[in-house]
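Colleague: If you're matching positions, the sequence shown starts at 1 in our numbering and goes up one per residue.
Hint data in this document are derived by calculation from the structure and do not stem from the laboratory.
You can trust all of the hints, since none of them are fake.
Calculated pairs, DSSO-like style, for lysine-lysine (alpha carbon to alpha carbon, straight line, at most 30 Å):
| hint | residue 1 | residue 2 |
| --- | --- | --- |
| 1 | 211 | 125 |
| 2 | 322 | 356 |
| 3 | 211 | 169 |
| 4 | 301 | 359 |
| 5 | 44 | 74 |
| 6 | 125 | 44 |
| 7 | 125 | 169 |
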Amino acid sequence: SSPNSHLRRPMLGTLTWRACAVVGIGVLAVCLHNWSKPDKDWGKLSQANDEALVSVCQVVARRLRAAGFWEDNKEKEYMMASGALATILREMGRRKDSLAVQFECMDLLAVSVAGVGRHQAAAGKRGALEVVLQAMRVHPHQAMLVGRSATTLGVLCDHCANNSEAFAKMGAVELFFEALRDHGDNPQTLFELYCGFTGITCHNVSENNQKVVELGLIEIGIQHMYRFPAAHSLREEVMPVLNCLSVVPWNETNRQRIIDGGYMQAVLSAMRDFPGDQRLVSKGLESIRDFSIGRPDWGVKWREAGAIPVMAEVMANFQPLKEGAVFWNVHTSGAEGAWVLAHEGPVCWAAMRRAKLHKQLVRSLDGDQQAEVAACNALRMIATDGPEARRELYRDGVPARCLPAE
1 SSPNSHLRRP
11 MLGTLTWRAC
21 AVVGIGVLAV
31 CLHNWSKPDK
41 DWGKLSQAND
51 EALVSVCQVV
61 ARRLRAAGFW
71 EDNKEKEYMM
81 ASGALATILR
91 EMGRRKDSLA
101 VQFECMDLLA
111 VSVAGVGRHQ
121 AAAGKRGALE
131 VVLQAMRVHP
141 HQAMLVGRSA
151 TTLGVLCDHC
161 ANNSEAFAKM
171 GAVELFFEAL
181 RDHGDNPQTL
191 FELYCGFTGI
201 TCHNVSENNQ
211 KVVELGLIEI
221 GIQHMYRFPA
231 AHSLREEVMP
241 VLNCLSVVPW
251 NETNRQRIID
261 GGYMQAVLSA
271 MRDFPGDQRL
281 VSKGLESIRD
291 FSIGRPDWGV
301 KWREAGAIPV
311 MAEVMANFQP
321 LKEGAVFWNV
331 HTSGAEGAWV
341 LAHEGPVCWA
351 AMRRAKLHKQ
361 LVRSLDGDQQ
371 AEVAACNALR
381 MIATDGPEAR
391 RELYRDGVPA
401 RCLPAE
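Required output: the full structure, derived from the provided sequences and hints.
Modeller: Here you go:
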């Protein structure tokens, strides 16, 4: 034999091991691919152990998320036709003591139905709400699972009024408030609970809104905004919940209660702390708009609290060519808020000119039609504050179409 033959034997073993590994990975990939197609392979997971079930859920959820979390797409149609939903819910019910199974199955459930009302309705009819609520009741002190349960329930209710109505009848609102108390020191879990509240309060189910207000969510939400100044996700998620409680349906009593609770200061403080956070800034600007409509006296309060310089600052932080849709989200909300505030009259117009808010409104003119209409209307009102105001705005680039006639 060759004197170097001892060097070749391990290489042969290594190649054999690598070939086996490649074949094994290929087989697993084929199985994972098939489990999201309309065949019977999902049913086989009933015999799989927890680790295998978790792995399949993770891989398929990643693929669905890559196709678009809120999108109505073919991947989700495959999932609903494959028997996956029935398998997920059945295994969650059977393996209720496994935290990993509950967590990953909920993630796959949420991404399978997100943004698609008919899928949410189908999941509700199969008992998805009951299964997720069971997980919250069985593991009330597991913060990550409680948070995942809340966001999943919010997704299930987001575009499905039937699920939202069933939510309250199951005692779920009270369960959410128990979780708020039990996890009151955990801003991440609180954020996820508010994501759930958004799903159940923002879609015309007044029974849910009435219940959460009776249990004190307005005051609790504002307290959380003040208590966790560094938790920008939590602070931004409280805003749409309180906005919905004031306008879905329109409720003047709730609006007054929110304003009296210190909401204006909480919103402006959050915007000052995180002026570059697009979602927080957009929600803050929407709050300024929504809590000024029909109430010019509240518009005065926003101005006196310093809202106008904050609006100018946050709108300046985004660039149309760089951020694209993000820019227009912010500027549409900002232009609409400025238009509503401008109804106060000359004092407000002068404040907007001092803060150079009109310069940001000029940036809102070219692109999004909704932003352009609101910005042009606001600029026209600001420019009515005398000839000098008109000349100043013209020098700063306001086009003639957004200025009153001389």
